[in-house]
Each structure stands twice: as C-alpha cells, then as structure tokens.
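Residue numbers (the numbering used here), protein chains in the order written: chain A, 1 to 287; chain L, 288 to 635.
Simulated from the structure, these hints should not be mistaken for laboratory data. Even glycine gets a Cβ: it sits at the ideal position worked out from N, Cα and C. Please note that the accuracy of each hint is not assured.
[Claimed, not checked] Below, in silico cross-link-like pairs of lysine-lysine (DSSO-like), each with a Cα-Cα straight-line distance of 30 Å or less: (1) LYS386(L) to LYS316(L); (2) LYS145(A) to LYS236(A); (3) LYS154(A) to LYS236(A); (4) LYS316(L) to LYS154(A); (5) LYS114(A) to LYS145(A); (6) LYS386(L) to LYS114(A).
[To be verified] Here are some chain A residues pointing at chain L (derived, C-beta under 8 Å): (7) ASN104; (8) ASP192; (9) ALA198; (10) ASN201; (11) LEU206; (12) THR223; (13) ARG246; (14) ILE258; (15) LEU259; (16) LYS261; (17) ASP268.
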Amino acid sequence: MSGADTALLDVRGVSRSFWTGGLLSRRRIDAVKDVSFTLTDARPEIFTIIGESGSGKSTLARMILNGMNPTSGSIAFGGEELTTIRKTRDRMRFMSRVQPIFQNPFESFNPLSKVDRYLTMTARNFTEARSRAETDDASDRALRKVGLSLAEVKDRFPHELSGGQLQRIAIARALIPGPRLIVADEPVSMVDASLRVAIVNLFKDLRDELKVSIIYITHDLATAYYISDRIIIMRKGEVVESGDARAVLDNPQHPYSILLKDSVLSPDVPDDDEPKTIERDRAARSH
Amino acid sequence: MTLHQLNNHLNPAPEALPASPALRVDGLKAYYQTRWFGITREVRAVDDITLRIEHDEIYGIAGESSSGKSSLIKTIAGAIRPPLNVVGGTVNFDFGTRKVDLYTLKPEERTAIRWKHLAYIMQGSMSVLNPLRRVRQSFIDFAFRHMGMPMPAFLKAVEDHLLRLHLQPGVLDSYPHELSGGMRQRVVIALATVCRPGFIIADEPTTALDVVVQKSVLTMIREVQREMRASILFVTHDMAVHANLTDRLGIMYAGRLVEEGRTRDLFRNPRHPYTLHLIRSLPRIGDAEPRQGLEGTPPNLADPPPGCRFHPRCPIAMDVCRVMVPPMQALGGGHRVACHAVTEGTVQ
Ligand SMILES: Nc1ncnc2c1ncn2[C@@H]1O[C@H](COP(=O)(O)OP(=O)(O)OP(=O)(O)O)[C@@H](O)[C@H]1O
Ligand SMILES: Nc1ncnc2c1ncn2[C@@H]1O[C@H](COP(=O)(O)OP(=O)(O)O)[C@@H](O)[C@H]1O
Ligand code: SF4
Ligand SMILES: [Mg+2]
Ligand SMILES: [Mg+2]
C-alpha cells in the first residue's frame, strides 16, 4: 500500500459533541468542529496540533486512535474506515500500526499495576517476543531510546517514578510495536529542556529513518517550530489556521495565532532595568 | 473610609520584616527506603540540600527529570509518607506569627501546619479533584474547615476567588471531567490559594496549560503573591517561566543542588556545566538549528556515581571529579556553585 497519493490517515470533516449538565441544564459542547486533513503514505511527517486548552486536541486524538467515534465526518487509516474496524483481530492490527502516547502520565497509568507490565504486554501482543527474555529485551531496547533502562523501572509502581520518567516510559511503550503512526498528546510537557530536545530529536529520527508519521500535540511552540513539517492551530474545536509550520509560526495570520505567538514567554531574562514580562502585563492591565 | 485609608487597608505598608528568612533548609536528606525480601534499597532523592527563601520572594527550582525536585518540595511541605523518610537535616519555617522546626513536630501537627500556612500544589494534581463529585464539594472538603466562616460567606469567598482567577462561578457545578485540562488546573490553583497562605509551594502548576492561559495564570499567581506578600517555591521545567517569574533560581542534578543565584545571573552567566547545557538546549521560535540533548542517561539514584554525580556526562570532568564531591562555593552576589572546575578556576 504505497504510492504517491495513498493516504496514511484521512480525516474528513470530523466533528464531535458532548452533552453535559443535569436534566434541566443540558448543554451541548462542540469539542471538535469540522476538522479535515490528510497525511500521505509516501511522505512521513511530523504534523503538529497546537491550540487553546480545551480546544479539542485530545478529543481529536482519541478519535484518530479509534477510541471514540466522531458525531459526524469520517476517519480512514490506510484506506480503511475506522468504524469498520470491529473484530478483535482487526483492532489488534490497527493498534500495532497506530500507537498513542497519552497526556498526563499521572492519570494514564493504572496506580495498582507495575509499569514494566505495560511494556511486557505490548511486546507480547504486538511483536514476535514470547519468552520472558524476549519481552524483557524488547522493553529494554525501547527504554534505552528514551534514556532509561529496564533495570531502573522493573517492579516499580507509577507513584514510585517521577513525572518525566513516566512520560518516557509511555513513549518507549509506543515504540515497541514499530508503528506507522504515533499520536503523541503533550509527550514532553513534563521533561526538562535537554531531554525535551532529545525526545523531539528521536521523533525526527523515527520520521527520517523508520518512516513513521507523528501527530504531535503540544503547547510548546518552540519545539513545534523546531521539528514540525505542518501545523494546525485549533480554537474552540475549530482549525483557525494551518499550513507549513515555519511559515505559520514565523508569520501567523489569524488573530488567535497571533495572540498565541505573542503569549510565548521568552527564555531570555529581561535587562536589569526592564520589568519582567509578567510584571509588565500586570502594570498594563491595572491602567 | 477615604480612598487613601482604603488603599492602606488593602495594601498595608510593609511592616519591618522579620530578620529571619521565610524558609531555612539545612543539610536536608530524604531517601526512599524500601526492603524487599531482606534487600534494602535506598533511593537518595534529596541528598544534602541547603537553601534559604526570603519573605516575599519567588524561588524557582529547575533541573533534570527525576533529579528529586518533587521529592524535595514534598519534604519541605511536610507531605511525605514512607517509604520517603527524612534521614538528616532540618526544615525551618518562619510564618511571621509562628516559627516551626517542621521535623520536630508530630505528624498530625505537621499536617495542620500544611493546611493552615502552606499551599502545596502537587505535580499532576488535577487528580486531587474527586471525579465523582462536583467541584463545589472539593472546595468544601478541602477548605471549609480552614476558613472559619459560615457556609454562605465561605461560598461567596470561593466565588470571588474564582473570579480573580478568571473562572466563572459556574465551574463549581461541574464535574472535573467536564472541564478541560486548563480549567481543571486553574481550579486546583484556586483551591490551594483560597485560604490565602503565606507560603506557596507549586510543582509544575502550569504545564498542562496553553501559553495564553499559562501567562494569565502566572500573572494571577504573581498578583496573589504580591497581595499577601507570600513566598513562593516554584518548580518547573519551563525555563521561560523561570526567566519571567522567579527572583532566584536553584538547579538540581541527581538529588543535589548544583548551582543557585539570582535568576538573571544564572541565565546570563551559568557556571555549572549542567546549567550551561540546560540554558543552551532551549529551542526558540524562529530557530531550527539542530540541538543535542545530554549524552548518557540520568544517574540511578539508588546507586549514584561517586564524586561529582555529573562526572560521567561532564565534558570537562577531571580526575578529582571522580572521587571528591564538589562543595558548594560562593562566587559573590549570592551566586553559589558546586563544581571543581569553577573552584579551581580551570573554566571561566
Ligand atoms: N467526556 C466528556 N464529557 C463532556 N465534555 C467533554 C468530554 N471530553 C471532553 N469534553 C469537553 O470537550 C472540550 C475539549 O476537551 P479536550 O480535553 O479534548 O481539550 P484539549 O485541547 O485537549 O485541552 P487541554 O490542552 O486543556 O488538555 C472541552 O470543553 C471539554 O470540557
Ligand atoms: N515512592 C518512591 N519509591 C522509590 N523511589 C522513588 C519514589 N518516588 C520517587 N522515587 C525516585 O526518586 C527520584 C526523584 O524523583 P522525583 O522527586 O519525583 O523527581 P522530579 O520531580 O525531579 O522529576 C527518582 O529516581 C524516582 O524514581
Ligand atoms: S565537578 Fe567536575 S564533573 Fe562535576 S561538573 Fe564540575 S567539572 Fe564537571
Ligand atoms: Mg489535552
Ligand atoms: Mg516531579
């Protein structure tokens, strides 16, 4: 299934709404509204989604991972409509090719389960590894790509590891099946600047060497600029701007994109006689 | 009341601040100690840390993932449970009206102090909100007892406080899963600060937020701090937040504080090789120049390298680094660093 115009992922007019509130105050929330984009098979890329908190990024990711159906619109992976993927065997095949890295590792790991179990299960379900030695080897190799080792995480529960360690384990787990597409929801929000660079460099290598496409959801515009090919900017469920990542971030057009870029705090300290950005904002507002 | 009086009432002139700092941490050691089938395992997450935080000061901590930042601030907040134990050192608070030596207190007294004088916003703390109950109930569960006012006045105070954090009082009627990550995080910050504590301890409170909301939340935190003349201990990986918010900055590596100083000095003139690397690895919008993460892996704190813990990854490591722990050395202007090369003048 390759060829210049085969779609790896085709998202067509996808919307999703939720109902909240009690019987009398029922309210519809349009979490995702009419989103469309296509990733091609021939040209793997890092496709970045940036946007407001609550703008529907994670909801969109959940639908791409076939964990939730759209209210309207459709999604196809490798030419196959996600809604037709029902049988366990088909689901397993889909999951081996599309892997998630979930937001907030504190919430996504089961507190009662040892973390190395996630790796072992993934290796057993999605690779040839069967014996203990084989699954351990697959786990250790994946962990080393993110600066950890099996020895360090074996027999540990999630609360025994730091936020950054959990985030790295989540990334390692997603690498084990050798997926074609990785959907990474804020994968670097909890790691230090140096490791952040190491992880986004790893994403670049996956793209360039293993031809893996990556949907990178982030609040970090600087790493988005650093690694993305294309970008979409979301607000209140809608895509407000999209295009080549550097072009969009260098010269945003939509008022929300401009606000977003203007709100990024600079990693440079202001001069001694200049107030810090936070102070300046405060002063500006109180006038 | 005249406008002038009102102003004085809202912003009383700073009283002569007590001479002692708001927080003194001396030689603090806190280890995770576990025994499995007779084998003792000791993770030295906080290993001999000394620092001061002044009244009305924002002190930042940055450092490698898993270097012990959360463990350190958990220990300072008195919020530790076995297997994390304090094995040495002291934590002293001066709350103005009351001075406490935290680890001479009984555990119950420590918990009372934490609720009364400290606000502690844990990492990943969005999960402190009970998923099965409306947000209003979490406020009642956590804060009602400590505010000492009748329920209607309490709820009014909560609503006013939410408005200051740009949250509509309507969020009180929501269940946590109905709020976006950004809203949940602001609710958690509101919950922690509604009792107006004098000392705020926050672990990655803005990582889940988009940059627009992050900036407004930081501005709010700054306002609350100014108004109450509170001290803040703020942990984040986001160096831009440190550059724009904190007065002083401490850098941790492998359970130790390796450098500390005025935030401006640390950014302009980082002296420890790890700090230097950290500052240089920051990407910027408009700059796609390839950058490299640190070589090697973070040390295992159950078996840290001898001497300087950074030596296996340090580009300028010397023989002495492999055997001797570099002591913290004052460089003047409150800048301190623990590195043999700086002490011996082999690097500038
Ligand atoms: N199961 C649900 N029930 C009701 N509302 C929901 C549900 N899941 C999401 N929402 C709502 O949908 C919107 C989008 O939420 P989502 O978590 O996808 O946003 P996000 O962009 O990932 O935000 P953040 O960056 O803050 O995590 C929000 O208004 C949220 O409250
Ligand atoms: N409950 C625990 N038992 C054993 N080790 C732990 C526990 N919690 C944390 N650690 C270890 O302590 C070290 C520091 O962790 P932490 O303070 O959470 O780091 P940070 O906040 O800097 O990311 C890590 O090596 C981590 O694995
Ligand atoms: S003490 Fe030695 S190994 Fe440690 S940072 Fe300084 S030069 Fe490098
Ligand atoms: Mg999200
Ligand atoms: Mg932490």
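Review point. Holds or violated: is there a CB of chain L closer than 8 Å to the CB of ASP268(A)?
Key: 6 Å, holds
Exercise for review: Return the status of the interface hint for THR223(A): holds when the least beta-carbon distance to chain L is below 8 Å, violated otherwise.
Suggested key: Status holds, d = 6 Å.
Check your understanding: Can the hint on ALA198(A) be confirmed by a CB-to-CB distance to chain L that is less than 8 Å?
Key -> This interface hint holds because 3 Å falls under the 8 Å limit.
Review point. Holds or violated: ARG246(A) as interface residue toward chain L, Cβ cutoff 8 Å?
Key: 7 Å, holds
Check your understanding: Regarding the pair LYS145(A) and LYS236(A), is the alpha-carbon distance no greater than 30 Å?
Key -> 36 Å, violated
**Study point:** Interface hint for LEU259(A), Cβ within 8 Å of any Cβ on chain L
**Key:** 6 Å, holds
Check your understanding: Are LYS386(L) and LYS316(L) close enough, with their CA atoms no more than 30 Å apart?
Key -> 21 Å, holds
**Study point:** Status of the ASN201(A) interface restraint (C-beta, 8 Å, chain L)
**Key:** Hint on ASN201(A): holds, closest Cβ of chain L at ~7 Å, below 8 Å.
Review point. At a threshold of 8 Å, is the proposed contact between ASN104(A) and chain L supported by beta-carbon distances?
Key: 6 Å, holds
Review point. Has the given pair, LYS316(L) with LYS154(A), been kept, meaning a C-alpha gap of at most 30 Å?
Key: 25 Å, holds
Check your understanding: Can the restraint linking LYS154(A) and LYS236(A) be considered satisfied, given a maximum Cα separation of 30 Å?
Key -> 41 Å, violated
Practice item. Would you mind confirming whether the straight-line C-alpha gap from LYS114(A) to LYS145(A) stays at or under 30 Å? Key: Holds - the C-alpha atoms of LYS145(A) and LYS114(A) are around 20 Å apart, at most 30 Å.
Checked against the numbered hints above, the structure breaks hints 2, 3, 6, 11 and 14 and satisfies the rest.
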